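Let the hints inform the model, and build the full structure from the sequences given.
Here's the letter readout for the chains.
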Amino acid sequence: MKVNLSVEIGGIWLKNPVLVAAGTFGYGEEYRELVDLNRLGGLVTKVVTLHPRDGNPPPRLVETPAGLLNSIGMANVGVGRFIEEKLPFLASLDTTVIVNVAGDTVDEYVEVVSRLDGQEGIAGLEVNISCPNVERGGLVFGSDPWLAFEVVSRVRRATRLPFMVKLSPSVTDITRIARRVEEAGADAISLVNTLVGMAVDVETRRPRLARVVGGLSGPAIKPVALALVWKAAQAVKIPVVGIGGITTSQDALEFLIAGARAVQVGTANFVDPETGLHIVEGIERYCWEKGIERVEDLVGSLIIPDME
Amino acid sequence: MKKSITTAPIVTQEQLASDIYRLTLRAESIVAQAQPGQFVHLRVVQGHDPLLRRPFSIHRVNQREGTFQILYRVVGKGTGILAGKRPGEVLNLIGPLGRGFTADGGVELALLVAGGMGVAPLCFLAEELWARSVSVEVFLGAERGELLVCDQELEQFGAQVHSATEDGSRGYSGLVTELLSDFLERHLPIPGKTRIYACGPRPMLARVVQLAEKFSLPCQLCLEEIMACGVGACLGCSVECPPPKSGYKLVCVDGPVFEAREVLLE
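First to last, the sequence lines map onto chains A and B.
Each residue of the first sequence is one higher than the last, beginning at 1 in our numbering.
Each residue of the second sequence is one higher than the last, beginning at 1001 in our numbering.
Incorrect hints may appear among the rest.
[What the hints assert, rightly or not] Only some residues are given here: those of chain B computed to face chain A with a beta carbon under 8 Å:
| no. | residue |
| --- | --- |
| 1 | 1003 |
| 2 | 1049 |
| 3 | 1050 |
| 4 | 1052 |
| 5 | 1229 |
| 6 | 1235 |
Derived from the structure by calculation, the hints contain no laboratory data.
All of these numbers come straight from a predicted model, not from anything done at the bench.
Think of the CB as a built atom: it goes at the ideal place given N, C-alpha and C, for glycine as much as any other residue.
This is how it looks when you write it as structure tokens:
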């Protein structure tokens, strides 16, 4: 019995349900000598913004128990140089390329997305709405259902590319945001982005990150992410991509069973760059052992007994 | 230079001081390609605690045996676990990584300045320079005598070693940069034929750069920074660049070795 690992995420076809997450795999070339990129289901690029961004001052990283705090500051070369310098290599790959995009204002999202439309090599986009909207006093797009709706609907009108919207976990009700984003025209949602965290150096009494707070990722956040994926998957009809502390195929399977159609591996890539490949093998082995012919059959197959 | 993920068995683990260790690992792929100034990114546990790899400069290589060494001080969880590893155990590492030191054909005199564990990559450099018949003067500084290591090995490479300890327990009493300054004043080395190579705490490096500028000597610095990926993907290990370019460079791929004028230390 050959297991069919392919999945379709809102118009984006993946040879298997494992992608690498934005910000953890650069633009592909950084890992090319270490990992066979063509065996991944997909690669989500480092964020691309309209203008180049230098990023935050160091320190940008703090290790935490089973986790990592980062405040990179969305450093990237900007959409112009991305298209010229980074996209050609990505286009040469035999893996699905998804470009992560972000902006300071709704207009910036629209401009980036327009520039990427029609470019060779891009299968789809991931719209990062976990950044602050500088026109609305720094309110994070993804924390407000109305702002989320506005940015997603404007992006929808600006591109024919399929796109998933990456949701922030720092919200009161993930189902509200997920539904608004679906209504606005997203083809899929991916969650979660990092949690907000910080660390303090008690000898110097200074924060360990230059920007005081940062995003927490890694195994420590997996249970939080899993619960949010489960809730979101019940609230929307569009596919859900699960992200958050996945390091093994068992972790990935938990997300699939809870309702994710695909998963992204992030922080684990720093520990073992081949994590994604091991997870694909593990999912295939699990399906084969259980007589599951298509990995899609696992999606949302969580069994919840009736409560009396 | 090709980097790879490799498992390397531990050949020896030596304790050089109360918290300073030298680990010898067998890894042909690393040894065949390693350049002084490059590093390896080591995984110290199979699990998640601590989570990230730790970067260590390549301290010395032995081409004949196919082994290389790292020199490290126990400063936290990762290095603590590393110090407990025994010969026969195997470590997973990525390497060789980063851009190493360079010395063009015109270099006749190399001044190596090491602060504390900064001596680690400079030993590899000293050995390479000695093999090319470059004169090597090493300025070795530490807080106290028992933390001053590798002076004998360096002398074996034909280097002139000048030691300084902050508490005066060995060698000159004071900062290693004072020894360097003194040497430069007395010898006035020729800029076209002399290079400074430094590795150590940032304040020490800043002082070295000042001296290099004062005496018009080209100077390369080997930096360290907390790293996650080690290959230029996560953008975590940034170092600030001076105007007019400004912005940041990455210690793991643009460095760890930089020309003094490429980076802002303070």
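Against the structure, the hints come out as follows:
1. 1003: holds (5 Å)
2. 1049: Constraint on residue 1049 of chain B satisfied, holds at 6 Å.
3. 1050: With Cβ-Cβ at 6 Å, under 8 Å, it holds.
4. 1052: With Cβ-Cβ at 5 Å, under 8 Å, it holds.
5. 1229: holds (5 Å)
6. 1235: Hint on residue 1235 of chain B: holds, closest Cβ of chain A at ~5 Å, below 8 Å.
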